[in-house]
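Trainee: Sequence lines, in order, name chains A and B. So the first sequence is numbered by my numbering: it starts at 1 and just counts up by one. So the second sequence is numbered by my numbering: it starts at 1 and just counts up by one.
If you're looking for bench data, these hints aren't it; they were derived computationally from the structure. Treat the hints with care, as some may be off.
Per the computed footprint, the stretches of chain A lying under chain B, defined by three or more beta-carbons under 8 Å from a beta-carbon of chain B, are [stated by the list, open to error]: (1) 5-17; (2) 31-38; (3) 54-62; (4) 92-99; (5) 107-121.
Computed from a prediction, not measured in an experiment: that's the story for all the values here. Where a beta carbon is used, it is the ideal one built from N, C-alpha and C, also for glycine.
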Amino acid sequence: MRIEMNVNGRPMAAEAEGRTLLVHFLRDTLGLTGTHWGCDTTNCGVCVVWLDGKPVKSCTVLAAMADGHEVRTVEGLEGESGLDPVQEGFMRMHGLQCGFCTPGMMMTARWLLDQNPDPSETEIREAISGQICRCTGYENIVRAVRWAAEHPQGADESEGVNA
Amino acid sequence: MTTVEEGKAHVGFGRMLRKEDARFLRGKGNYVDDIRLPGMLHGAILRSPHAHARIRSIDTSAAEAHPKVKAVVTGATLETLNLAWIPSLSHDVVAVLATDKVRFQGQEVAFVVAEDRYSARDALELIDVDYEVLPPVVDAKRALDPDAPVIRDDIEGKKDNYIFDWEAGDKAVCDDVFAKADVVVSQEMLYPRVHPAPMETCGAVAWMDPIDQKLTIWSTTQAPHAHRTLYALVAGLPEHKLRVISPDIGGGFGNKVGIYPGYVLAIVGSILTKAPVKWMEDRSENLMSTSFARDYHMRGEIAATREGKILGVRVDVLADHGAFNNTAQPTKYPAGFFHVFTGSYDLAAAHCHVRGVYTNKAPGGVAYACSFRVTEAVYLVERMVDRLAQELGVDPAELRMKNLLRPDQFPHVTPTGWEYDSGEYPRALQLAMDIAGYDELRREQAEKRARGELMGIGISFFTETVGAGPKRHMDILGLGMADGCEVRVHPTGKAVVRLSVQTQGQGHETTFAQIVSEVTGIPAEDVEVVHGDTDNTPFGLGTYGSRSTPVSGAAAAVASRRIVDKARIIAAAMLECAPEDLEWDRGSFHVKGDPGTSKTIQEVALAAHGPMDLPDGVEGHLDATCVYDPPNLTYPFGAYICVVDVDPGTGKVAVRRFIAVDDCGPRINPMIVEGQVHGGLADGVGMALMEAIAFDEDGNNLGASFMDYLIPTSLECPSWETGETVTPSPHHPLGLKGVGESATVGSPPAVVNAVIDALAPFGVKHADMPLTPAQVWRAMHGNPMRTDLAIQ
């Protein structure tokens, strides 16, 4: 069947079987490999993307269910003015190691900050609790999201990169 | 917006943001499953539903008739290629596809290559395997029973499930010490089977180019060079026509050290179809069939004087190795480094006996950040010290402080033969106690106990054993564990460093640039790190056992020093003085007493490539190599304190605080070291409280998905509190010790000791991990369960 969706602000269309999962459609059909696939049971969250503005686990959504809808992936985080503050926060606070869970974590973090620009540590931990990171022990992910909350416009010029 | 590229130059060690992040943050990593080649096909593996069964027949005709299927491979196909069985690293063989029997649930039975992922899976459903189900061996403690079914009847004359017996330490001396001791405490304990479960599962893309007969394998490997050589040895493929590429790897933790049947099958699939073949396992396949870790049934004993001076430790281990002895570890000992179980203490004697057995479970045994069984060793001794404290009625911190090795006892040879390089143990423990506010915590605990609340404080002091390693202790099928490194300074003073090790998140692209920078003064931003491709890097054994920094890091440091040594000679020629008349200010040479007369390393690099006549015996260019053969292992250490609250109504454990003081020598990049520690602490909390793979009586794997195999989330992990002391290694060129697995090794006993401490009012002395609410509840009621079998 033909599936059309708006991905990261651009209309995209392709043929796919009706049973195709959204994560596979994005990765294998559209070539957007920033979204990952980590479990078969909707537990790990490395596949989180936005569907009509809300984070979903794309391993549990059929591509056909996204037909005619808007999808946002990690490839759509960076804007014309540069990295999203969430991306910059992950870099500055060492919120990633192997990078595999990172796209899903950042998509959830961006959504959280859009809903709640000043989340507490507890609120951040709750927001990402449906996703697994095996490398960081979560501490630096929490710090990364807090950094982004405190820098809604990103770093200013006076902040050194490696300070 | 500021970017890394616009930052100021960063020279040497210190906090530096990671170079590799730029691609990961944008979704531009390049993991194995991201690779797409023209005409690429997809493979899928049919796995056994049974733990133990004889294969009567396999009918693949319906699968072969599927319009999108390009090849179906069975054990019979592989037998014609002499690839049905491959050697393990532990003097055994492993089935690639089962030919005679299946020996664990999830074992590989057939392989389908099809045009797409989904069709390959569809075709698996069309394969008809006729099994004769056999009784399985599930309980390791029954594996040696006379009437136990024989699992490995493929081995000629095999009549039992015995693999090996192995001992270390002087038994007679140890028995004598125990006979004379005032106090002897013993404890049975299980370190359950756990799984590394990196977020990226294992997989490979194989492409045998039919024109130049070159085989390229992109695979999730922590050891690309070792894999290349093993493929050459096993399959008889010419090594110069083999290229192993380990692109971005989504976590390893030891899971990606070994060669799995799927990798071999992708290669076979490519040879048969003359197309690139991708195989990527799903999560259940990962949990059911790839390397597990631990599964040690241990009986520990500790001997001491009445005053609390620890005299000796001995331990008897029943090691469950699963259906094949396939521990992917390079030591010469079947139990790896387990005999470092004497821990951080000054002991008169120690002895261990380890017996390995086959069971109908997946093979493996060494994985999940374990430093080759140091994890089990540290758990054993740290639980035994707490048991002793319990019997003597003394504070566990005080007992440890009294028995820790003193700084003046280093280098220290342990009763089982390890030579610890350096350590200041009491300082680390004191710092952890200071950060924790130990005395105040004990006061709080006493108050809470009086109110019926269950609060526990657990301590662990660990000595890690990393940097494999010296040839007297280890090799991989005859390959010594030296690692190569090449540093090349370009004419404009920028550099490239090529490594034999490979990163799975540890940040090598940053830290190895910092090592070169630390020595040469070239800014780390100007040093490109190349790794993970056997055609473009020097030979070496890869990244596991926390060996990158102690071995490959040493190679990079020595190669960098050779650069500086050569640069000194060239700089002297440029400045028309003798090399010994120059002072080195990391990054430039100046004439002694004349700081104004100088040459930078960049100026020297240009001159080394230029028309100048170089001194006699000095070749042009500014390159250096090193093959580093470590003289000893390194011994990082640390003191951990865990504070837990246990809900008396449900048995649920909450980790309230976790204090980790780590000493890994100087820190290349403190930000990255802290991140490594955080991740290991989460692993430790997971193993102590949640993670275990148990089996039911039929050998069904009860931890075969993330719904069943629980991994800590952000809600189970506290905000980690870290501290550091710095005790350099005397034999590493930069004093570095490595840190990758320290926290995974050190943290589980701290958590367990804390929970058992919390349960003291119930008289609980021990309960096996994972300390789930059910297990804690049962312990409170005097009936802790075995955690390797289905709930009894």
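Trainee: Does each hint fit the structure? Answer for all of them.
Mentor: These are the hints, each one checked on the structure:
no. : hint    : verdict
1   : 5-17    : violated (count 1)
2   : 31-38   : holds (count 8)
3   : 54-62   : violated (count 0)
4   : 92-99   : holds (count 6)
5   : 107-121 : violated (count 1)
Hint violations for this structure: numbers 1, 3 and 5, all remaining hints satisfied.
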